[in-house]
Each structure stands twice: as structure tokens, then as C-alpha cells.
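2 protein chains.
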Amino acid sequence: MFKRLPRHVGIIPDGNRRWAQQQGMEKGEGYHHGISPGLRLYHLLLEHGIQEATIYGFTRDNNKRAKDQRDAFTRACVEVAHALEQRDADLLVLGNTGSPAFPQELLPYAGKRRSFGEGKIKLNLLVNYDWEWDLKTALTGGGQIASRDISRIDLLIRWGGRRRLSGFLPVQSVYADIYVVDDYWPDFTEQHFLDALNWYQDCDITLGG
Amino acid sequence: MFKRLPRHVGIIPDGNRRWAQQQGMEKGEGYHHGISPGLRLYHLLLEHGIQEATIYGFTRDNNKRAKDQRDAFTRACVEVAHALEQRDADLLVLGNTGSPAFPQELLPYAGKRRSFGEGKIKLNLLVNYDWEWDLKTALTGGGQIASRDISRIDLLIRWGGRRRLSGFLPVQSVYADIYVVDDYWPDFTEQHFLDALNWYQDCDITLGG
Numbered sequence: 001m002f003k004r005l006p007r008h009v010g011i012i013p014d015g016n017r018r019w020a021q022q023q024g025m026e027k028g029e030g031y032h033h034g035i036s037p038g039l040r041l042y043h044l045l046l047e048h049g050i051q052e053a054t055i056y057g058f059t060r061d062n063n064k065r066a067k068d069q070r071d072a073f074t075r076a077c078v079e080v081a082h083a084l085e086q087r088d089a090d091l092l093v094l095g096n097t098g099s100p101a102f103p104q105e106l107l108p109y110a111g112k113r114r115s116f117g118e119g120k121i122k123l124n125l126l127v128n129y130d131w132e133w134d135l136k137t138a139l140t141g142g143g144q145i146a147s148r149d150i151s152r153i154d155l156l157i158r159w160g161g162r163r164r165l166s167g168f169l170p171v172q173s174v175y176a177d178i179y180v181v182d183d184y185w186p187d188f189t190e191q192h193f194l195d196a197l198n199w200y201q202d203c204d205i206t207l208g209g
Numbered sequence: 001m002f003k004r005l006p007r008h009v010g011i012i013p014d015g016n017r018r019w020a021q022q023q024g025m026e027k028g029e030g031y032h033h034g035i036s037p038g039l040r041l042y043h044l045l046l047e048h049g050i051q052e053a054t055i056y057g058f059t060r061d062n063n064k065r066a067k068d069q070r071d072a073f074t075r076a077c078v079e080v081a082h083a084l085e086q087r088d089a090d091l092l093v094l095g096n097t098g099s100p101a102f103p104q105e106l107l108p109y110a111g112k113r114r115s116f117g118e119g120k121i122k123l124n125l126l127v128n129y130d131w132e133w134d135l136k137t138a139l140t141g142g143g144q145i146a147s148r149d150i151s152r153i154d155l156l157i158r159w160g161g162r163r164r165l166s167g168f169l170p171v172q173s174v175y176a177d178i179y180v181v182d183d184y185w186p187d188f189t190e191q192h193f194l195d196a197l198n199w200y201q202d203c204d205i206t207l208g209g
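Note that the protein sequences, when read in sequence, are chains P and L.
Residue 1 is where the first sequence starts when you use this note's numbering, and the numbers rise one by one after that.
Residue 1 is where the second sequence starts when you use this note's numbering, and the numbers rise one by one after that.
Hints are not guaranteed to be accurate.
Any copy will do: because identical chains look the same in the list, a pair fits if it lies in one copy or spans two.
[What the hints assert, rightly or not] Each computed DSS-like pair below joins lysine-lysine, with the alpha-carbon atoms no more than 30 Å apart:
| # | residue 1 | residue 2 |
| --- | --- | --- |
| 1 | LYS136 | LYS67 |
| 2 | LYS136 | LYS112 |
| 3 | LYS122 | LYS3 |
| 4 | LYS120 | LYS67 |
| 5 | LYS136 | LYS3 |
| 6 | LYS27 | LYS112 |
| 7 | LYS3 | LYS27 |
It should be emphasised that the hints constitute simulated quantities derived from the structure, not laboratory data.
All chains, please: the whole structure from these sequences, using the hints.
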């Protein structure tokens, strides 16, 4: 169906709070409504044979938000991890576990990849991720960044209309082609993903050459 | 005129080769036609009081291209630097000077900022830049990356339609808002820049909060 597919897709599921406000809810209520889109996208990734995907859960900078929002996005990440362990996934949870913002329930998954079911896809879930922590780990970790087990991103899809990386894996994203969906993440549809793949197949990948 | 201006603007002047082909020229001839747009943009930056700008000259990866193209983009960078030293600019040329691809003529400008005329704007010209070299310098340079004297990018404008960073300053670009102009760089017009500033003033800058 597509003449060229990305090997590794990055996902920035933004717009949960704006979606909630639009629905007349409290901002923090949006995150819960972002879980089911994530699982629908997981099945689409498998269906199209995507080998690796990285989902932007939350970052150190997001911890500046109000407590009800922090609780809500942290709980959503825990729920997504538990849902994935019931499916086929080689799951890596990556983030700064040395900070109290990292959820205890996810410690067993943190920093080393674990295989669930038949594996089928490498899934990286960034939880309390911090680009500065990621890069600076190289200074103490023998030259290796914290995200060393995550490969180069080919296609980065961001929902919610913003045109920036917001600290998403700076090393792996250097040559990522960035596709922005204006709709908010809880309004995810299969067509968004197909449109991104369709756009990506015509990108001229030169890696600077 | 604008309710909020970027402090630091990044410039990716892409599309020179595609422009040349469109004009029936050899690919490498496009770079020469990218010099005058750069100087017009310099005057616009001053006019709008932009405090810092970084221009993507060429990268290590670009050195994979044919020799006539390498000669052409290297010469264009040297000419731009010489033109800027006749104007008001605090100029920093940054790139890996330890490689033969770095032009000898620019060694006097490399790695330390030099003030010309009345200064007025910090201008960073990336010449034989390499994101990996930049980051890895921290391992040998006491924790400091090679681009330590370049500040965070607020607005990144890329000409030529591609939606990616191509290794442009990964640390400084983590929260950059990215504006893509479909036209090729030699077809630069003042309106492109005004459209980018117009878009930027309505971007919601949260830095993750």
C-alpha cells in the first residue's frame, strides 16, 4: 500500500488539556481520554509492520503543571504500560527514575527492555523523560546517553498543532521528518496515521547527502 | 508591529540545488544565488531588532555531495562571512575545524565571537557543523558542548519545504517553533520572513509547563 514505510515512528500525543477544555471538562481530565487512542494506534502500528515506536508520555518540564494534571498524566502512563504488557510488545520505559515524579509502579519496566507476548514491535514509553538528563548521562555513563537503546526516528507525528519537538529525543530526532496533525490527541483517527504515512512515503530522505 | 518577537532566529536556507535545476543550471550553481538572499535577510533581522540569528551553512553530512557542490557551498560560506565583517555583527563561525572540509579562510573567525562595526546582532554561521561533534565535545570539554556560546533558538525558519531539523543545533532547538517555507531559498522574499514572525507571535510558548 505504501511504497516506503518508516522503520521507527515517534508519537507526540499533544492537546489533551485543550481537548478537555473544549469539552467543558477540567484540563487534567483530558489525559484519561488519551489512553484509548494510544491503544488503537498500537494496533495500527502492528498492522502496518512498523518495527519500533516511541511515545512521549510526560517530561520533567511537564511536572511544572498543577497537581491534578500531574496525577492524571502519570496515571495515564501507568495504565498504558499495563495495557501493553497484556499485548505483544518489547517494552522499554525510559525516564529519570531518580526523581520522585517517576511512578513507582513503572520501576520494574524502567531502563531495560522487557518482552511481552510475542514481542512483534519495540515500544518505548518516555516517562518523566528529560532531554538534558538523557544527554548528560553520557558524561557519567562512559559516553553513552540514557536513550542509547532507542534507534533513530524516521517519522515523528505530533498531534495538537504545535510545530516543535518539545525536547523529544534530540539525538534520535536529528533527521526525523515531522508531521503535524492539527486535531487534539483524544480526537485521534486512523486517517491521521494513514495521512502521515502517505506524506512520509514521498519525503526525500537524503540524510544530508 | 508584532506583539511578540523571537529573541533568536535559526535559518535553514535549503533548496539551492533544486532551485538551480529548476532554472536549468547545474545543481551546484544554486549556492551562489543564496548569498544575496542571506544579506537581505540580515538587514531585515536588524530592522526588526532580532538579537541573535544562526545560519546553517553546511554540515559534515553535506560533504558527501559531489566536489563541485562542496566547493560551491564552501565558497558561499566564505563570501557571507566576508560580507558580514563589512557590516555590523558580532560574528561566530562554528564548526569542526579539525577536518579538511573546514575552509582555511574562516579559521580566524572560528570558535570565538568577533565584533565588527557596531555589533548590533549576534550572528552564528555554522560551517562544517556536525551535531555529533557538537555534543561529543562535552565528553572532552569539561561537560560543555561545542556550541555553548549559542543560545536557545525561539523560531526556526526552514526554506525548501522539508519538515526536519537535519541535525541543526539539537540542544538549542529543543523548544524551537519550526516554520517551513515551501519556496526554495534563492527565491527568498521579505514576505517569507514577515509570515514567519506573524505565525510565531501567536505560538503558545509553554516550555512544557
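Hint compliance check: list the failing hint numbers for this structure, sorted ascending.
4, 5 and 6
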